[in-house]
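**Student:** Once you have looked at the hints, place chain V on chain X.
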Amino acid sequence: MTQIILSGVHKRYPGGHEALANISLAIEAGELVFVIGHSGAGKSTLLKLMAAIERPSTGSVIVNGQNIGTLRTRGIPFLRRHLGLVFQDHKLLFDRSVIDNVLLPLDINGFDRREGARRARAALDKVGLLYKEKAQPITLSGGEQQRLCIARAIVHRPAILLADEPTGNLDADYASEIGALFRDFNQVGVTVVLATHDMQLAARLNPRLIEVRAGRLAA
Amino acid sequence: MRRWLAAHWRAFSATVARFTGAPLTSLLNVTVIGTALALPLGFYILLSNLQGLARDYSPQPQVSIFLTADAQSADVQDITRRLKSLPGIAGFRFVPRDQALESLQSRTGLADVIAGLGHNPLPDAFVVNAGRNANALESLRTEFSRWPKVAEVHVDSDWARRLDSLLALGRYAVLMLASALALALIAITFNTIRLQILTQRDEIEVAKLIGATDGYIQRPFLYLGSMIGCAGGAVAWLMVWGALWVFNVQLRPLTELYGIPLTLAHLNSPDSLVTLLFATGLGWFGAWLSVRRHLHSYNPL
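Chains as they are written, first to last, in the numbering used here: chain X, 42 to 260; chain V, 53 to 353.
Isolated chain X, as found in the complex (with noise of 0.2 Å):
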């Protein structure tokens, strides 16, 4: 099954900045797909799109079957609740504890509290911060901040996994641990698509590479 299809794609923000031109692609349920290129290429625009959180100016990007460009506002919600999104800023709440980070998405999607917390557990678990589900998310170190990222967009057990730079601020030894992560959740199903400009880690996970050169897709 194709999960992500994008066919002539344009993204032109207020001002006229090109940031997509002509983009084409289709990336099938279950694949792995790193999106590489040099800072402002695009990846990160590449990756608004399919989480709708832009729209494609020209051009349509169909996600899980719902085309972006003409999905109403208000069915925004009940698309991302299909995706994980992992974020390079991890975007935690640092107002509550680490497992109450995981549960939100499980609120949001009406989980009881009971069943919630334990997969909240299995999640924390996962990325190996089960012993610290108490503690506050602004003792956590870079890595421990993004492999909870990564347990709050994985909890509530999403198709499609999209993470915009996951290794960018951490070190080598963070970014395999957390490569080898999102391997293991590609390994069970889940289409994991990735934007980096970290090379090394592309070398190790064998993925298909696409890759975003000043907006364009490279040959």
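Do not take every clue at face value.
Said to hold, decoys possible - With a Cα cut of at most 25 Å, we get these calculated SDA-like pairs of lysine to any residue:
| hint | chain 1 | residue 1 | chain 2 | residue 2 |
| --- | --- | --- | --- | --- |
| 1 | X | Lys132 | V | Thr251 |
| 2 | X | Lys132 | V | Arg70 |
| 3 | X | Lys132 | V | Phe330 |
| 4 | X | Lys175 | V | Ala59 |
| 5 | X | Lys167 | X | Leu211 |
| 6 | X | Lys175 | V | Thr72 |
| 7 | X | Lys132 | X | Pro178 |
| 8 | X | Lys175 | V | Leu261 |
| 9 | X | Lys175 | X | Asp136 |
| 10 | X | Lys132 | V | Thr67 |
| 11 | X | Lys132 | V | Arg62 |
| 12 | X | Lys132 | V | Arg271 |
| 13 | X | Lys132 | V | Tyr268 |
| 14 | X | Lys175 | V | Ala58 |
| 15 | X | Lys175 | V | Asp254 |
| 16 | V | Lys201 | V | Gly143 |
| 17 | X | Lys132 | V | Leu347 |
| 18 | X | Lys132 | V | Gly143 |
| 19 | X | Lys173 | V | Gly333 |
| 20 | X | Lys132 | V | Glu255 |
| 21 | X | Lys175 | V | Ile256 |
| 22 | X | Lys175 | V | Thr67 |
If you are wondering where the hints come from, they were derived from the structure by calculation, not from laboratory data.
Owing to the predicted nature of the structure, the values given are computational and were not obtained by experimental measurement.
**Tutor:** Only chain V this time, still in chain X's reference frame:
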């Protein structure tokens, strides 16, 4: 349905936690709103008490006919005959001057003054019950004053009517005051929720990114607005209750002096409930406006 209820319960308890988690802020907010509501509420209660008094003391429009001091029993009979033949009046009774004096002595505590007079200054009188037809009062008055031995004709409901129109004016004043302060309440919750949205900006953004609907995000803010409104209403109720208590204590010597039982009553329970619901509704509305205005600016799209 159960999921929906659970989601609401969760939003509600989170809001309660937030509300009690910042007690000083909450208390200040609630006090401001309570004071704003207490003003029109207090005036309203004062007015309805006055209205109750007015109703108690003016049963039906009556016309009093006072005879001249030299009126004889023949004159009384003449007037009785005229009244009997007059259409359009509901009834009348004759109050002889001695009886009037007696009742004045017994009812108003002026016994000493009257005893000091030495003679009865009161005239014979007729009290004519004009029925419900208040418009006929004026023509009755002119008719009666043309009769012989009639010294004066009083339309007793005059003061009640004047009071009534004053009260109507008062009701408009209360209504205007209440509207102005209701707007203030909406503005206060609007701003409170705006600040709350600003402080929870990160949470809102993250929740949106991981699939929260607008309903999910709005819910705690709407609850918070309603809660502030409701608590404000309760504070207003208590303030008015306290003020009435003090008032009634102060009124007591006055009532003893005049011999009329005069206490100000607080809102009855349906009215209290309506007040609370109204305050809650206003709080909700302010929050709703704020949420509409501010949440959508955080839409990543």
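**Student:** Taken at face value, is the distance from the CA of Arg62 (chain V) to the CA of Lys132 (chain X) at most 25 Å?
**Tutor:** 23 Å, holds
**Student:** Compare the distance between the alpha carbons of Lys132 (chain X) and Thr67 (chain V) with 25 Å, and conclude whether the hinted pair is satisfied.
**Tutor:** OK: Lys132 (chain X) and Thr67 (chain V) at ~22 Å, within 25 Å.
**Student:** Regarding the pair Lys175 (chain X) and Asp136 (chain X), is the alpha-carbon distance no greater than 25 Å?
**Tutor:** With Cα atoms ~12 Å apart, Lys175 (chain X) and Asp136 (chain X) stay inside 25 Å; holds.
**Student:** Is it true that the CA of Lys175 (chain X) sits at most 25 Å from the CA of Thr72 (chain V)?
**Tutor:** 22 Å, holds
**Student:** Does the alpha-carbon distance linking Lys175 (chain X) and Asp254 (chain V) stay inside the 25 Å limit?
**Tutor:** The given pair, whose Cα atoms are some 21 Å apart, holds under the 25 Å limit.
**Student:** For the pair supplied as a hint, Lys132 (chain X) and Leu347 (chain V), confirm whether the alpha-carbon distance does not exceed 25 Å.
**Tutor:** This hinted pair holds, its Cα atoms lying about 18 Å apart.
**Student:** Below or equal to 25 Å on CA atoms is what counts here, so check Lys175 (chain X) against Ile256 (chain V).
**Tutor:** At roughly 22 Å apart (the allowed maximum being 25 Å), Ile256 (chain V) and Lys175 (chain X) satisfy the hint.
**Student:** Taking only the CA atoms, is the gap from Lys175 (chain X) to Leu261 (chain V) under or equal to 25 Å?
**Tutor:** 24 Å, holds
**Student:** Sort out whether Arg271 (chain V) lies within 25 Å of Lys132 (chain X), counting only the CA atoms.
**Tutor:** Distance of about 22 Å is within 25 Å: holds.
**Student:** Going straight from one Cα to the other, do Lys132 (chain X) and Pro178 (chain X) come out at no more than 25 Å?
**Tutor:** 11 Å, holds
**Student:** With a cut-off of 25 Å on the C-alpha distance, tell me whether Lys167 (chain X) and Leu211 (chain X) pass.
**Tutor:** 19 Å, holds
**Student:** When you check the alpha-carbon spacing of Lys175 (chain X) and Thr67 (chain V), does it fall within 25 Å?
**Tutor:** 22 Å, holds
In the structure shown, a violation is registered for the earlier hints numbered 3, 18, 19, in ascending order.
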